[in-house]
Amino acid sequence: DGGITQSPKYLFRKEGQNVTLSCEQNLNHDAMYWYRQDPGQGLRLIYYSQIVNDFQKGDIAEGYSVSREKKESFPLTVTSAQKNPTAFYLCASSIGNEAFFGQGTRLTVV
Amino acid sequence: SQQGEEDPQALSIQEGENATMNCSYKTSINNLQWYRQNSGRGLVHLILIRSNEREKHSGRLRVTLDTSKKSSSLLITASRAADTASYFCATDAATSGTYKYIFGTGTRLKVLA
Numbered sequence: 094d095g096g097i098t099q100s101p102k103y104l105f106r107k108e109g110q111n112v113t114l115s116c117e118q119n120l121n122h123d124a125m126y127w128y129r130q131d132p133g134q135g136l137r138l139i140y141y142s143q144i145v146n147d148f149q150k151g152d153i154a155e156g157y158s159v160s161r162e163k164k165e166s167f168p169l170t171v172t173s174a175q176k177n178p179t180a181f182y183l184c185a186s187s188i189g190n191e192a193f194f195g196q197g198t199r200l201t202v203v
Numbered sequence: 875s876q877q878g879e880e881d882p883q884a885l886s887i888q889e890g891e892n893a894t895m896n897c898s899y900k901t902s903i904n905n906l907q908w909y910r911q912n913s914g915r916g917l918v919h920l921i922l923i924r925s926n927e928r929e930k931h932s933g934r935l936r937v938t939l940d941t942s943k944k945s946s947s948l949l950i951t952a953s954r955a956a957d958t959a960s961y962f963c964a965t966d967a968a969t970s971g972t973y974k975y976i977f978g979t980g981t982r983l984k985v986l987a
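As given, the protein sequences belong to chains X and W, one line each in that order.
Just remember that our numbering sits 93 ahead of the position in the first sequence, which is counted from 1.
Just remember that our numbering sits 874 ahead of the position in the second sequence, which is counted from 1.
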């Protein structure tokens, strides 16, 4: 939706493995965000980036890492240090006040 | 930190009725937005209201903002089965200096045909 593509839609990971979620946007937005959503819950901010080569921790950054080498891309790595990674992950971008969201990646640890 | 809290957590109404959901937040804001999420999907922006506005309309949606009470309400009139979704408020804290959106916990709306 809105030119934001998240992949894959579903992802399975074995315990102890790192995994990277992709987020690409073609909207020329400067700001990008990663949120985590647990069942029946709201969104919690993991990381956000206002500009290329810069990013800040959100409220629940522990066990996650990001990079912002290109304006279009903001990949999220879920590391083995994240104790409870099974969740729905949403990427967003914004210019001005409105955020545009991808369709999400559902990560399951098996 | 969770900035917004919506209530009720869940709402079930008949088609044609109005649905009202509320959002409360904790700190000063630049603006407040409402988003909709269909099950297992991304969020879609519905409407934005700025801190100096008190009411805003968009189609069947009506949003109010009371900054003195740090609260907002979303009214969906003449609801349809297709309105069934979760609705979230999001705030952009005035002091953050960035467009860092903080989302509430959401209201799950079910419209019965």
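Be careful, since some hints might not be right.
As the list claims (entries may be wrong) - Just some of the chain W residues that point at chain X, by a computed CB distance under 7 angstroms:
| # | residue |
| --- | --- |
| 1 | Ala884 |
| 2 | Leu920 |
| 3 | Tyr975 |
Unchecked claim - Here chain W is said to cover these stretches of chain X; the calculated rule only asks that three of the stretch's residues, wherever they fall, bring their Cβ under 8 angstroms from a Cβ of chain W:
| # | region |
| --- | --- |
| 4 | 133 to 143 |
| 5 | 158 to 165 |
As the list claims (entries may be wrong) - Listed next, with one range per pair, are the computed distances between beta-carbon atoms:
| # | chain 1 | residue 1 | chain 2 | residue 2 | range |
| --- | --- | --- | --- | --- | --- |
| 6 | X | Ala174 | W | Lys943 | 32 to 42 angstroms |
| 7 | X | Ser166 | W | Asp881 | 30 to 40 angstroms |
| 8 | W | Val918 | X | Arg199 | 12 to 22 angstroms |
Hints were generated in silico from the structure; no laboratory data involved.
Predicted, not measured: the structure shown is a model, and the values here were computed from it.
Every residue, glycine too, gets a C-beta built ideally from N, C-alpha and C.
List, from low to high, the hint numbers that the structure doesn't satisfy. Numbers 1, 2 and 5 - these are the hints that the structure violates, sorted from lowest upward.
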